[in-house]
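Since each chain comes alone in its own frame, lean on the hints to assemble the complex.
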Amino acid sequence: EAQVTQNPRYLITVTGKKLTVTCSQNMNHEYMSWYRQDPGLGLRQIYYSMNVEVTDKGDVPEGYKVSRKEKRNFPLILESPSPNQTSLYFCASRGQGNSPLHFGNGTRLTVT
Amino acid sequence: AQSVTQLGSHVSVSEGALVLLRCNYSSSVPPYLFWYVQYPNQGLQLLLKYTSAATLVKGINGFEAEFKKSETSFHLTKPSAHMSDAAEYFCAVSDVRDDKIIFGKGTRLHILP
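One line per chain: the protein sequences are R and Y, in this order. According to my numbering, numbering within the first sequence proceeds without interruption in unit steps and concludes at 97. According to my numbering, numbering within the second sequence proceeds without interruption in unit steps and concludes at 528.
The set of hints was computed from the structure by calculation and includes no laboratory data. Here the structure is a predicted model, which means the values were calculated and not measured. Note that beta-carbon positions come from the ideal geometry of N, C-alpha and C, so glycine has one too. Careful: at least some of the hints might be erroneous.
Computed Cβ-Cβ distance ranges for the label pairs, DEER-style [claimed, not checked]:
hint: 1; chain 1: R; residue 1: Asp23; chain 2: Y; residue 2: Ser429; range: 28 to 34 Å
hint: 2; chain 1: Y; residue 1: Ser429; chain 2: R; residue 2: Ser52; range: 45 to 51 Å
hint: 3; chain 1: Y; residue 1: His425; chain 2: R; residue 2: Thr95; range: 23 to 29 Å
hint: 4; chain 1: R; residue 1: Ile62; chain 2: Y; residue 2: Ser429; range: 43 to 49 Å
The following block holds chain Y by itself, in its conformation from the complex (with noise of 0.2 Å):
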């Protein structure tokens, strides 16, 4: 069974900071890896998929993720954080076998003036 766990459910950074949140999936076949984000009030927006094409994903706001099937991860960076990326982000898992989605319990971000 496919399964996702996000270490970390609040990580704090300051303005400018690299922005790191760390995400494993388990699945015995290949993967397909989606980050999201998630603002106040709001639904959950697409940051960036992976789908086998390329190992780095560049996704919108700057933000990219690696896929390391060795580590079985797909970690979300950011060179520099801007107070605009505060929200709760969530990675989730699928592949496939069938059309279910696994999401991660969320890593909410907070960053500091």
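In isolation and in its complexed conformation, chain R is listed as follows (with noise of 0.2 Å):
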């Protein structure tokens, strides 16, 4: 089954505490793009991927990191999260030109 997949789905730490958010997809996708969904906000990318060791900054990168050493994972990265990164975080590919996005079923994030 073609699928976006993230882990964990749910998450609590304490701030400053490193923590990373795994996704990995099985489509051969190219094109993978981490987003934050906050009420009132809408989607807000945080970091997209348009291949193996290219990755570029979205509307709101600061305080996160991210990685691509492989087609199929794309890892979100916070060295030192805070509480305003408490949030539900969204991993998702594509393929080529305007292809929709597939979508994981999302991480929820509390820092305290």
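This is the structure:
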């Protein structure tokens, strides 16, 4: 089954404790992206990657890192999480051109 | 720069009534337009997409949307609402110049019994 898999689904952590949210897709998509969803703000793009070893900042990249060492994986790293990063995070991938995005089921992160 | 405006963060309709969710976009070139639906505790799923083949686009679950260039609109409709349609709906736009997809802020649809 074609899918985007994120882990974990839920994560509660404390300020400053490094964490990684994993994302993997099995559709051989070149494009992958991370979004955060906050009430009243919709989806905002954090980082995206057009291909292996190619990453770019989205609209809200501060406080986040990503890497794309393999085509299927695109982890999101929070080196020093802060409470304002409490949010619902989605990973997505897409095929060539203007194909629609395929989304994971989300990771709800709480930073206390 | 592209942008998407969804009118109404919350819309309530009675079961069996017409659903109309509004989306207006701005783009200096012909856009690609998408509607996504998000059910509780799930990711976004594609409802339908417009890629210039036809102005009236049919999607899943009985939804459709009409691209109106003169009004820069891509409103989502369904003739008869069902309780299972309660969800959040997002309109999104992209264009041929880049791979960026811009999302609206979303409209939460409530279905009244």
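Name the hints, by number, that the structure is in violation of. none
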